[in-house]
Amino acid sequence: MSFSTDKKILEIKNLTKLYKNVAAVSDVSIDIIDGEFFTLLGPSGSGKSTILMMIAGFENPTSGTIFFQNKPINSVPPEKRNIGMVFQNYALFPHMTIFKNLAFPLKMRKTGKQEQKTKVREVLDLVQLSEYENRFPKQLSGGQQQRIALARALVFDPPVLLMDEPLGALDKKLREHMQLEIKHIQSQLKRTVIYVTHDQEEALVMSDRIMVMNEGVIQQLGTPDELYEKPANKFVAGFIGESNFIEGKVVDIKKDIITIQMNDESKHKLCWDKDVTVGENVCFSIRPEKMIISNSEQQLENAFDGIIEEIIYIGETTRYKIIVGKEIIINVREMNVGDRSPYKKGQKIKLSWKMKNLRRLVN
Amino acid sequence: MKSSFKINYGKMLLQLFAGLMFVYLIVPSIMALPMSFTDTRYLVFPPEGFTLKWYKEVLTSERWTLPIIFSLKIATITTLVSLVIGIMASLALVRGALPGKNILHLFFISPILVPVIITAFAVYEIFAKLHLIGTLTGMVLAHTILCVPYVILIITANLYRFDITLEMAARNIGANPFQTLIHITLPMIKPGMLTAGIFCFITSLDDLILAMFLVGTKNITLPIRIFSQLKFRIDPGVAVASTIFIVAAIVIVIALAFIRREKKSEVIREG
Chain A
1 MSFSTDKKIL
11 EIKNLTKLYK
21 NVAAVSDVSI
31 DIIDGEFFTL
41 LGPSGSGKST
51 ILMMIAGFEN
61 PTSGTIFFQN
71 KPINSVPPEK
81 RNIGMVFQNY
91 ALFPHMTIFK
101 NLAFPLKMRK
111 TGKQEQKTKV
121 REVLDLVQLS
131 EYENRFPKQL
141 SGGQQQRIAL
151 ARALVFDPPV
161 LLMDEPLGAL
171 DKKLREHMQL
181 EIKHIQSQLK
191 RTVIYVTHDQ
201 EEALVMSDRI
211 MVMNEGVIQQ
221 LGTPDELYEK
231 PANKFVAGFI
241 GESNFIEGKV
251 VDIKKDIITI
261 QMNDESKHKL
271 CWDKDVTVGE
281 NVCFSIRPEK
291 MIISNSEQQL
301 ENAFDGIIEE
311 IIYIGETTRY
321 KIIVGKEIII
331 NVREMNVGDR
341 SPYKKGQKIK
351 LSWKMKNLRR
361 LVN
Chain B
1 MKSSFKINYG
11 KMLLQLFAGL
21 MFVYLIVPSI
31 MALPMSFTDT
41 RYLVFPPEGF
51 TLKWYKEVLT
61 SERWTLPIIF
71 SLKIATITTL
81 VSLVIGIMAS
91 LALVRGALPG
101 KNILHLFFIS
111 PILVPVIITA
121 FAVYEIFAKL
131 HLIGTLTGMV
141 LAHTILCVPY
151 VILIITANLY
161 RFDITLEMAA
171 RNIGANPFQT
181 LIHITLPMIK
191 PGMLTAGIFC
201 FITSLDDLIL
211 AMFLVGTKNI
221 TLPIRIFSQL
231 KFRIDPGVAV
241 ASTIFIVAAI
251 VIVIALAFIR
261 REKKSEVIRE
271 G
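Protein sequences, first through last, are from chains A and B.
All letters in the first sequence, in the order written, are residues 1 to 363 by the working numbering.
All letters in the second sequence, in the order written, are residues 1 to 271 by the working numbering.
No lab work stands behind these hints, which were simulated from the structure alone.
Careful, some of the hints might be misleading.
As the list claims (entries may be wrong) - Selected chain B positions facing chain A (in silico; Cβ < 7 Å):
| # | residue |
| --- | --- |
| 1 | Leu166 |
| 2 | Ala169 |
| 3 | Arg171 |
| 4 | Asn172 |
| 5 | Ile173 |
| 6 | Ala175 |
| 7 | Asn176 |
| 8 | Leu181 |
| 9 | Thr185 |
| 10 | Pro187 |
| 11 | Pro191 |
As the list claims (entries may be wrong) - Heads up, simulated EDC-like pairs for lysine to aspartate or glutamate below, C-alpha to C-alpha not over 16 Å straight-line:
| # | chain 1 | residue 1 | chain 2 | residue 2 |
| --- | --- | --- | --- | --- |
| 12 | A | Lys138 | B | Asp206 |
| 13 | A | Lys290 | A | Asp225 |
| 14 | A | Lys172 | A | Asp157 |
| 15 | A | Lys80 | B | Glu167 |
| 16 | A | Lys234 | A | Glu215 |
| 17 | B | Lys73 | B | Asp163 |
To be verified - Derived coverage of chain A by chain B (criterion: at least 3 residues anywhere in the stretch with Cβ under 8 Å from a Cβ of chain B; other residues may be distant):
| # | region |
| --- | --- |
| 18 | 70-80 |
| 19 | 100-111 |
Using N, Cα and C, we set each Cβ at its ideal position, and we do this for glycine too.
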């Protein structure tokens, strides 16, 4: 998908929300492209839900503008926005049958009775719950209620669908199943989805693009693999997947080999061919699966000496906790392709990596 | 063996105590029932003979039927007016963005805290000037003062417990605030409305103090009729009126319990 040529459906400009002078959302600008699955990812209190509430019209921005199909909607009441929303607790009306829940948006739009029936049956079919239209919400399981909530947000054909941690209340297995199902329905209907979650794995699985937020500020915006392979800062590197951080002060540069003095005062050499000056503080990140453990006798240029502190076997991978220097901990993950780990606890090893897998982060 | 005997002994004591409490609470209420059948011209316990003539008298003589109808009218209108005012006030107190909501809440409930006789005196002074003494309007207005606080107490509790995302969901899918109120909020607080309504009805029907100040000479309420009857001419008609009252109350309570059980079994089926 090439986003530059596609049409914007929702545009957020310099959006800020203050609660008693604390910025829940701070100067956020985004363009959402028609048909994309866009995820707002961040820990709780990062401002992601507040943005969703402002798009839905339940919160007023302190400043900034939201454009929907090129029209500003700041002063449009929620019921006139025509943006569907799926709530975390589903928010199905307990006193109405499934049919009445689904027909409600159509009834409010004064759709004819016959058309109501047709459309409700259509969405029930889509979420594969056709035989449940006369039940009440409480008679359905969590996953089924979730699907009805999705159907209710789709039945009136809104161009944009908001989803606020919709799978938070489901168990892991059902959650994984629903992720794929929502994704499937979204691509089938070519609907724009703005999805809020704190689960980075869920975001990676489902999204075309992800915006990572922390404390109301955008940390990084990009495709899942961009975020994973090229995290912009320490927060993103730590929040999406797992990262090892190599931090310290550059004390020596010889050609492409720099020496870093780490926080525990130990000095280590590593290969780095990009701009760096002596005396500078640097922070590199590297993923656990991109580190290679080998026997300590080998002579390697780009390697640390380390001692294996812990070995954890978890089926398809084995995780190693390795101490470098005095107290720097590096996590390593290796696929279990052959026999079980040839290394033992307490063994001295060399820890190496390819230079291109090392990423320098802005502090 | 010994210990289990002891437990039984304790349990028996408890049951005896519960039984005594039950008798203590219920007997004064049902004393009127046997007395209403007495064949004497005065109230007596135990009743002598058996007759339904007092029932005939109460249900046909205007001395009784007019106050009964007047009381029922007052209670019905009071209930409706109190529910409308109380629900609107509750919505403002719970959902509204009012400054000093807690103080307002307390203010709205304050009529409960004031002895009725003081309210009655104050209302009498004002109503006399407005020529509302002895009118249906006057009685309804006065009883509404007593009833609105109960409605607010019950409905605000309902609204606080109520999941606000339901209202947000309704707005999101196209309902304006008024439609949301009609289709979502009110149906969701229906049990509370029912309870509050019964409370209002009984409070109004039961009132003697306000009525003593506010009824005129022509229209009187049922409690006033019973009271004056007891003062001047103690005939078994009083027992009949009381019995009708009690039976009506029991029917309402049973109906409520029935509705509750229906609800519970629904939950169990769903669970």
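Subject >> Pairwise hint evaluation, glutamate 167 of chain B against lysine 80 of chain A, where the allowed Cα distance is 16 Å at most >> reply: Distance of about 15 Å is within 16 Å: holds.
Original post:
CA of lysine 172 of chain A to CA of aspartate 157 of chain A, is that 16 Å or under?
Top reply: 30 Å, violated
Original post:
Does the interface hint hold: is leucine 166 of chain B within less than 7 Å of chain A, judged Cβ to Cβ?
Top reply: Cβ of leucine 166 of chain B sits 5 Å from chain A, so the hint holds.
**OP:** Under 7 Å, Cβ to Cβ, is where proline 187 of chain B needs to be relative to chain A, so tell me if that hint holds or is violated.
**Re:** 5 Å, holds
**OP:** For the pair supplied as a hint, lysine 138 of chain A and aspartate 206 of chain B, confirm whether the alpha-carbon distance does not exceed 16 Å.
**Re:** 40 Å, violated
Subject >> Interface hint for asparagine 176 of chain B, Cβ within 7 Å of any Cβ on chain A >> reply: Holds: closest Cβ of chain A sits about 5 Å from asparagine 176 of chain B, inside 7 Å.
**OP:** Sort out whether aspartate 225 of chain A lies within 16 Å of lysine 290 of chain A, counting only the CA atoms.
**Re:** 15 Å, holds
Subject >> Residues of the region 100-111 of chain A with Cβ under 8 Å from chain B, three needed, outcome >> reply: holds (count 4)
**OP:** Please verify that hint: arginine 171 of chain B, Cβ, nearest Cβ of chain A, below 7 Å or not.
**Re:** 4 Å, holds
Subject >> Straight-line alpha-carbon gap lysine 73 of chain B to aspartate 163 of chain B, limit 16 Å >> reply: 36 Å, violated
Original post:
If you take the shortest Cβ to Cβ gap from isoleucine 173 of chain B to chain A, is it below 7 Å?
Top reply: Holds, because the Cβ-Cβ distance from isoleucine 173 of chain B to chain A comes to roughly 4 Å (cut-off 7 Å).
Original post:
Taking 7 Å as the limit, does the beta-carbon of leucine 181 of chain B come near enough to a beta-carbon in chain A?
Top reply: Check failed: Cβ of leucine 181 of chain B comes no nearer than 13 Å to chain A, outside 7 Å.
Violation of the numbered hints given earlier is confined to hints 8, 9, 11, 12, 14 and 17; the remaining hints are satisfied by the structure.
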